[in-house]
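Go by the hints and put chain X onto chain P.
There are 2 protein chains.
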Amino acid sequence: MMEKVKVYADRMSQPARAVLIFCRVNGIDFEEIKVDLSKRQHLSPEFREVNPLQKVPAIAHGTLNLSESHAILVYLASAFPGIADHWYPTDVSRRAKINSVLDWQHSNLRHGAVNYVVNTVLGPALGRPLNPKAAAEAEKVLSSSLSKLEHIWLNGDGPFLLGGFQPSIADLSLVCELMQLEVLDEKDRNRILSPYKKVLRWIEDTRTATNPHFEEMHNVLYRAKKKFQQERSRVAKTGTEPSNKLGGHSKM
Amino acid sequence: MMEKVKVYADRMSQPARAVLIFCRVNGIDFEEIKVDLSKRQHLSPEFREVNPLQKVPAIAHGTLNLSESHAILVYLASAFPGIADHWYPTDVSRRAKINSVLDWQHSNLRHGAVNYVVNTVLGPALGRPLNPKAAAEAEKVLSSSLSKLEHIWLNGDGPFLLGGFQPSIADLSLVCELMQLEVLDEKDRNRILSPYKKVLRWIEDTRTATNPHFEEMHNVLYRAKKKFQQERSRVAKTGTEPSNKLGGHSKM
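Listed in order, the protein sequences are those of chains P and X.
To convert a position in the first sequence, counted from 1, into the numbering used here, add 1393.
To convert a position in the second sequence, counted from 1, into the numbering used here, add 1393.
Just chain P, with the same shape it has in the complex (with noise of 0.2 Å):
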């Protein structure tokens, strides 16, 4: 029998999300272990007897302490017995396309949709000022990889990334870095999702792939989201903030 996993998240987390959706839908007997951002508990001693790099997620099977969440899937995805095929095949081609695409996301897809989020909605939420310089910089990264998304990543014969008929790891990754956006003021995600008509169809599908687990695991995410909205119109009615604190990427 496979030891325990112990897997170190927070839900606000989307490379967490995507790690605990995995274990989730594949029957990974795991432990899910808080490391509440908000309360910096990443910065805990404790914590950085797991991971050094003070980063969720993590996780601890054995005596392997692993970190970054690409790693952590092909590894559970390697490691565990009875996992499909078609999360992170063994043929040695296809496998490397998998490959391809997740070193891909880091640089393109995580680059533009953290750096958009961060510098739009959840800047004031973390009490930092808004930069909507870096915010136009961050959506010209984001609308490029949504591009390459679209005419390159999706252009296969089936719904899923490299024509795949199935889902991958690099799937739930990319598909979980783009749910972030769920947060943004509506008409911004519209603007910038709407015109990708196939990487709309491919975030529906990896998520009726993974449900009800994907749900569950983004329920966090969609209160956050409410919250900013509420947020957002308390502003708008009373004007307790410069106007073009939410409005400022409009600019670009």
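Please keep in mind that the hints were generated in silico from the structure rather than gathered at the bench.
If you're wondering where the values come from, they're calculated on a predicted model, not measured in any experiment.
Any given hint could be a false lead.
In this list, chains with the same sequence are indistinguishable; a pair is considered to hold if it fits within one copy or across any two.
Calculated lysine-lysine pairs in the BS3-like style (CA-CA distance at most 25 Å, straight line) [to be verified]:
(1) Lys-1448 - Lys-1591
(2) Lys-1590 - Lys-1618
(3) Lys-1620 - Lys-1427
(4) Lys-1432 - Lys-1619
Relative to chain P, chain X alone:
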């Protein structure tokens, strides 16, 4: 017999150098096809057929076209017979740790090193304005990454990453990343690197373990370094450029 690999590369690109050195060291039968970035050959329709993302390095092997240097190194180490196990160990935990370092490289060491070089030495060479603020931010990321290399990733028994006694693809990839700092002004390079004694030793150990190929593939960089130095002395002597142009990032 394995089919010959086509490696599309410009030796001025650090991930391209990593792939070329790996092929040479491991006796992989390959053909190097130059994609001259300075002539914008990566944007040509011919290269687009090989890599629609229009970046080097890329490889073509049989029916497989592959981009992203990490995915390429993993593929070469897995698909070719006779590659020594230390490059990409078959042990699932050891392999997981190597994947983790490679993933970490993207948003940390690569992000810091590339942005620092582009916003100091390379900017003017490419006809772009210097950006001391961006250089300062990049140096922060770079220094933090070097500290993690020194105290976490190189904190093992052997001289290589994760305590290895022989190099892995992660050693090669990360050392090639750092080698681009060669083109910096000597005092900047020393200021940034000299606090990290293990890192400095590890660069030398990786160089030694992969020579003479390591030096051969870096010759183009040493020539570029000389050119930048000459340009700096010319500027210093003739004062043809604003005095903050090369010293801008000392403001941090």
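Hint check:
no. : hint                : verdict
1   : Lys-1448 - Lys-1591 : between (32 Å within a copy, 24 Å between copies)
2   : Lys-1590 - Lys-1618 : within (23 Å within a copy, 47 Å between copies)
3   : Lys-1620 - Lys-1427 : within (21 Å within a copy, 53 Å between copies)
4   : Lys-1432 - Lys-1619 : within (21 Å within a copy, 50 Å between copies)
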